[in-house]
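Turn these sequences into a full structure, and let the hints steer you where they fit.
Number of protein chains: 4
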Amino acid sequence: MADNGKNQSIPVAVLGATGSVGQRFVALLDAHPWFRIAHLMASERSAGKPYREAVNWVQTTPIPERVASMMVEVTDPSAIGECRVAFSSLDDTVAGPLEESFARAGVLVVSNAKSHRMDENVPLLVPEVNADHLELTRTQDFGRGAILANPNCSTIGLVLALKPLDDAFGVRDVNVVTMQALSGAGLPGVGGMQAIDNVIPFIGGEEEKMEREARKILGQVSGGKIAGHGVRISTQCNRVSVIDGHTQCVSVKLGQKVDVQDLIRAWREFEGEPQRLDLPSAPKPTIHYLEEENAPQPRLHRELGNGMAIAVGRARPCSLFDFKFVTLSHNTLRGAAGGALLVAELAVRKGLLEGVEAPGGSIV
Amino acid sequence: MADNGKNQSIPVAVLGATGSVGQRFVALLDAHPWFRIAHLMASERSAGKPYREAVNWVQTTPIPERVASMMVEVTDPSAIGECRVAFSSLDDTVAGPLEESFARAGVLVVSNAKSHRMDENVPLLVPEVNADHLELTRTQDFGRGAILANPNCSTIGLVLALKPLDDAFGVRDVNVVTMQALSGAGLPGVGGMQAIDNVIPFIGGEEEKMEREARKILGQVSGGKIAGHGVRISTQCNRVSVIDGHTQCVSVKLGQKVDVQDLIRAWREFEGEPQRLDLPSAPKPTIHYLEEENAPQPRLHRELGNGMAIAVGRARPCSLFDFKFVTLSHNTLRGAAGGALLVAELAVRKGLLEGVEAPGGSIV
Amino acid sequence: MADNGKNQSIPVAVLGATGSVGQRFVALLDAHPWFRIAHLMASERSAGKPYREAVNWVQTTPIPERVASMMVEVTDPSAIGECRVAFSSLDDTVAGPLEESFARAGVLVVSNAKSHRMDENVPLLVPEVNADHLELTRTQDFGRGAILANPNCSTIGLVLALKPLDDAFGVRDVNVVTMQALSGAGLPGVGGMQAIDNVIPFIGGEEEKMEREARKILGQVSGGKIAGHGVRISTQCNRVSVIDGHTQCVSVKLGQKVDVQDLIRAWREFEGEPQRLDLPSAPKPTIHYLEEENAPQPRLHRELGNGMAIAVGRARPCSLFDFKFVTLSHNTLRGAAGGALLVAELAVRKGLLEGVEAPGGSIV
Amino acid sequence: MADNGKNQSIPVAVLGATGSVGQRFVALLDAHPWFRIAHLMASERSAGKPYREAVNWVQTTPIPERVASMMVEVTDPSAIGECRVAFSSLDDTVAGPLEESFARAGVLVVSNAKSHRMDENVPLLVPEVNADHLELTRTQDFGRGAILANPNCSTIGLVLALKPLDDAFGVRDVNVVTMQALSGAGLPGVGGMQAIDNVIPFIGGEEEKMEREARKILGQVSGGKIAGHGVRISTQCNRVSVIDGHTQCVSVKLGQKVDVQDLIRAWREFEGEPQRLDLPSAPKPTIHYLEEENAPQPRLHRELGNGMAIAVGRARPCSLFDFKFVTLSHNTLRGAAGGALLVAELAVRKGLLEGVEAPGGSIV
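Protein chains in written order, with numbering that gives the first Met the number 0: chain A, 0 to 363; chain B, 0 to 363; chain C, 0 to 363; chain D, 0 to 363.
Warning: the hint list may mix true and false statements.
Note that identical chains are pooled: a pair holds if it fits in a single copy or bridges any two copies.
Below, a list of computed lysine to aspartate or glutamate pairs in the DMTMM-like style, where the Cα atoms sit at most 20 Å apart [to be verified]: (1) K252 to D172; (2) K48 to E290; (3) K48 to E291.
Since the hints were derived computationally from the structure, they do not count as laboratory data.
None of these values were measured; they are calculated from a predicted model.
Written out as structure tokens, the structure reads:
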């Protein structure tokens, strides 16, 4: 047994390790009880340098000592050795084929890129919402390896808020207006002069992604095939002057007549597979319903559950839909690196990876 | 004849002259071609001091020289002498009865307060939208005086964007999510620690005001009575980290099947009574439809038409409503002091004030 | 032994518990290994309500469960019972006499107010810098009680950076320009409209406080009297658009000719009494010298050592003084509540409080 | 005669017309009484497109109609025809030789790049400070053409504040800490995530530039040679969360014992050559000394004199130097495009350009 309850028996690779999501992976994995960083992979420009030199570290915690001196390697499955898990924050322009090559090499790739999200046989996972979609991987032809996709950061916050309502009452129509944080745009991202004293009412491709991904995640898997959810979704996405934390104003039409207290109860009682399996990154609870009239706010509430929980507030009747409310999720923790970790924990605990066992045993 | 085309033959009073909207009135009136500041009125605490000393001036132009040395007077109609026009930015807690006392003294009060906005016989005016509502004043019983109300800052931006659509196609349902500037909260307003790296998803009373006021403004007047517009409106109001400029994400259901180009044409061809009357504060055009995919943005577009025009962009089909788009208006210019000036210009030009003539003559 | 290593055997009171520093005390004390909140005291307006209702909680962690339901009491020493330690974040306007009345009741008052900071017999403590000043309390006449003062938030960051240089080389002249965070102004503090896209080059009384306090803290105590340090200090204080973290541009003239590496070594080797005594809130190290050319930055480095360490960077020769450098400290952690906790830990460990023993024993 | 008093008889070229300073040139020149944009030059990527399409316009006023449809040309002196004045905001990496080639083609190049600023025979001009340095151009060997350099944006604000003090009392030592706006970094510049809730205590090369340039500008020209000023200057440069406006905390040691009122009088009575010549872009006055205890502030005072004046405040004695004060200047108006315009106006009015006459005549 290691100190701090850290066993870290499972070696992992981080692909795209020098980028902003890659850095989040490194920071989170340093303290992870199961996973241990064995490979840091990046572009040729960074390969061959110690991580400390290759990275422009912009996290608020220092670079973990052990990792700082590790050599960055070129992103190549032949170098990954015995390592069977890779977290990918590769750029969309190269992620597609690279991730496949790792999967074919027997690696479980948990990807933040959009490349494979809508592939028929790739589960798009929010572990509290659709853990059962894992079975889609059976139809993948990567041998021992597999690809699991982490959804877009704003999609994750939305479907977590919708799932308890859909389970209990059925969700028919959803209108969403997002106010998204700057960190969602990666580095260099939005310039300071566009970010201050401003709102940018457009994020390229984001509205389409949210509508498409949400229907897949909320959909049903049967017989190795996924049927998208029939919900109608319309989104408007804005970039606002916030560092971390996507706020969303949501309006919903439900399948039943209920009252506000029913919604609040559904959110508060919600528990997902990660909580039942007691996964290390699972927040308890996943959803905080806040009573204050002016909550949730990104600066005050984005860190709830170590940034893995979401906050919901201001549920009230709507004269056009049935209800409207506000939801907030941390876009680089729950919405990116933290969410991907939870996906990997779920997959490992569920025994997806033959030969790789979760501490305490896998559950098949 | 004065220089700069400034005739300034009509003396006016500013009530609440030391507040943030009061300061905007002072700055705008200094260069006004018709109106001349004759009285600066404020609370007892400020009365008796030169304006320069009474005010904590926070405008980006210096205090006008002539006004700086004027004495601030207590807010009392008996002191207003021959002055027949007053711009009120009095606090809601005292505005109601004080404004009435000025009206009874024969003064035309143009008010930014909410006190009388929903009174049956008080027109709630956005001059491009409902100039004909002026006739409601005939049913007021203030003798030669009258009260005209300027709507809430976010309502103004919304109804200006909706009016051309309503005229051309009929507007049935409207969903709005606002991202409002800090200056809308007056002084001291939102604290710096709440304003930076944050969104506050709540503005007290704002959602109700927008829904209620928009229906009145878009309504029909006949026989001295107003019939509210039947449009269903649902709003969610947020405060964002922007100094000036309210951005609104709007979804609309129309009475006819049309396409996006029809909407754009309706906005671009829109002209209101202020433009036809060539009023000094009337922007030409009132509505700028912007083609850029990421417009409008508060920092870039709030000053269009000297802050009296609005910007609209991103019109596109909506899967739940018919269309969605983004609109932006300057909340302390068009949405407050500038809007009130335009109301006063309209009223004077229309001959509402017996014995007070617009330069160039009144039109009855 | 309690769980989490928390013994919490020493009951404490928080005076001014609902304010912004009071909230920080509550958040920090919740996890403290020695201290347990026994009393929450505030103004009459809050007294008699559960803390949850009395406070407008603005911390980024939720209100601790145990504390949320505690009743707020009126600020009165007669109600404090057996409790012997009080953390005061009382307003400067009332702190003076109130803190004395608690001291006379036998309580060790650790104060964030400025009222007693310059009193001859009140130690103004930065535990790494002048732990020996504790002996001044012998000249206080509060019986078993005592008053210890926590310096101004910007003074603390400055003296921590200067102390190792003064010990090693002697500090003669110091020029400082600060760029201070908004949280230093308390609540409501600087308005959002002044805070965004702006710098305010003035903080009332701050420059004088920094110059005066720094000389006292760096001074020598002998025979129960303090002799201020002879250093000449000139400061210019600015408020910038930062939530937490005071940045200071410092220029120093030293008593010896040394080079930049000597300075860096002095900072890196610096260790104070709190580190030697292994106090619970003592950061290790206190000073992080950062090599990056653009460090320290408030958003990246203010949390070092849980906000109790300071960061120093950019040390380089100066053509007017000997050296210039940049220092950064967290103003509400090290600079306020966290600093006061460290003072209390030092006092208790040093046996200042007869009958109150630190876990593990006191050192006299 | 054109309307609006615009004669615009002198055709000019803008080099680097699509960049952020280039855009400022375009916006300012549109309303200029003497100059008319005849050529917009940029990189090959932009050449051949209408300006509207080539530029990502980020100014707060719309693209001038006449300019929007002009074709962007490649940056080549052979295409400039009869045009004899060029404003260069070329990138430092290419500016040096390109500007020389324009000068050799008979063009007066007013440059914002740093390439030629320290050349012995290139005057580095702040027209109120060193108009007489124009004579350096006699030693240039560009035939009818010439190169004039506009200093670094932060240097300009500093020397304008120092010049009246130097003239009256002699300036010996100067310590400066800057808090510089984001717009000074051009596009894309500082990322939004680095800009919000942060200070960056480093701007590459800026400190050296300020020290070096200030000594040249304040120096004496005689016999076609420049002797740098003997003042000792030490600077620390910071980037803060401000859109426009560089704030500087300055400490000065003077050659005489004077009091604060003497300084204020020197600033207030200051008048430079541009004011005496009544140049179109000359602010009157150049220096506003503000009495408010918390002035100057970028958001409130950067627009004084249409952004061409500077604001000074908080002059007070200093315990290390003689005095300290705060100065503020608009970095993209006075500090870049506006300053360059004033330089060109000075040169034309002074008859530097044979065959190009200022409206109203040149003064030799």
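Hints violated by the structure (listed by number, smallest first): none
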